[in-house]
Amino acid sequence: LSKSLSNGLTDMGSLQQKLKVLQARQGVADFAEFQLTTDEYIRLIGAVRTAFTARGRAYGLWQNSLADLMKRRKVLEGYVQHPGRASPERLSQLKAEIARAEIRTEGNRNAFDDVSLILKHEVARFDASRVRDFQAAIEAYLASLIDTQEEIVTLWEAYLVSLRNTDPAESRQLS
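The opening position of the sequence shown corresponds to residue 40 in the working numbering, with each subsequent residue numbered one higher.
Just so you know, the hints here were simulated from the structure itself, not pulled from any lab data. Don't be surprised by glycine CBs; every beta carbon is placed ideally from N, CA and C. Hints are supplied without guarantee of correctness; some may be wrong.
Label-pair restraints from in silico Cβ distances [unchecked claim]:
| no. | residue 1 | residue 2 | range |
| --- | --- | --- | --- |
| 1 | Ile-191 | Asp-153 | 36 to 46 angstroms |
| 2 | Lys-134 | Ala-167 | 44 to 54 angstroms |
| 3 | Phe-73 | Leu-199 | 29 to 39 angstroms |
| 4 | Ile-142 | Ala-71 | 52 to 62 angstroms |
| 5 | Gln-102 | Ile-157 | 14 to 24 angstroms |
| 6 | Gly-85 | Leu-58 | 16 to 26 angstroms |
| 7 | His-160 | Asp-69 | 27 to 37 angstroms |
| 8 | Glu-196 | Val-87 | 45 to 55 angstroms |
| 9 | Phe-73 | Gly-99 | 14 to 24 angstroms |
| 10 | Glu-196 | Phe-73 | 51 to 61 angstroms |
| 11 | Asp-153 | Lys-113 | 25 to 35 angstroms |
In silico SDA-like links for lysine to any residue, alpha-carbon gap of 20 angstroms or less [as the list claims (entries may be wrong)]:
| no. | residue 1 | residue 2 |
| --- | --- | --- |
| 12 | Lys-134 | Asn-103 |
| 13 | Lys-159 | Tyr-98 |
| 14 | Lys-113 | Gln-132 |
| 15 | Lys-134 | Asp-152 |
| 16 | Lys-159 | Leu-83 |
| 17 | Lys-59 | Glu-189 |
| 18 | Lys-57 | Val-192 |
| 19 | Lys-113 | Ser-131 |
| 20 | Lys-59 | Leu-48 |
| 21 | Lys-134 | Ala-175 |
Please build the complete structure, drawing on both the sequences and the hints.
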C-alpha cells in the first residue's frame, strides 16, 4: 500500500474510534438526563399518591363521624317521639354526645377540606413543574445532541482535510 493510502486508512480508523467514543458519551449523557427526570417524576407521583391516600383517610374519618352523628340523632329522635323510654339523664347525656359528635364531624370535614385544598394546589404545582422540568430536560438533551453533532462534523472535516493533503502524485501511482 502507498503511504498516502495507509495514512488515509489509519486516519479513518482513528476517526471511527473518536466517533465511537462520542456516541458512547452521548448515550451516557442521554440516559443520565432522562433517568434523572424519570426518577423525579417517580418520586413526585409517589408523593401525590401518598397525599391522595391521606385525603381518602380524611374522607373516611369524616364519613364515619357523620354516620355516628346520624345514628345518635336517630336514637334521640326515637326517644323524643316516645317519651318515657329514656330517662332525662339519658336524654341529656345523648344530647352531649351529639354535640361532641357534631364537633368531631365538623373537624373531620374541615380536615378533609384542608387536605383537598392542599392536594389541589400541590397537583397544580406538580403539573407546572412537570412541564418546566420536561422542557428543560428536552432542551438539555437537544443541546447535548447539537454539541456532539458539531464535534462529529469537526472530526469529519479534519479527516477530509487530511485526505486532501495527501500527495496527489502518490494517488496517481496507485491507479
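Hint numbers not upheld by this structure, sorted from lowest to highest: 1, 6, 9, 10, 15, 21
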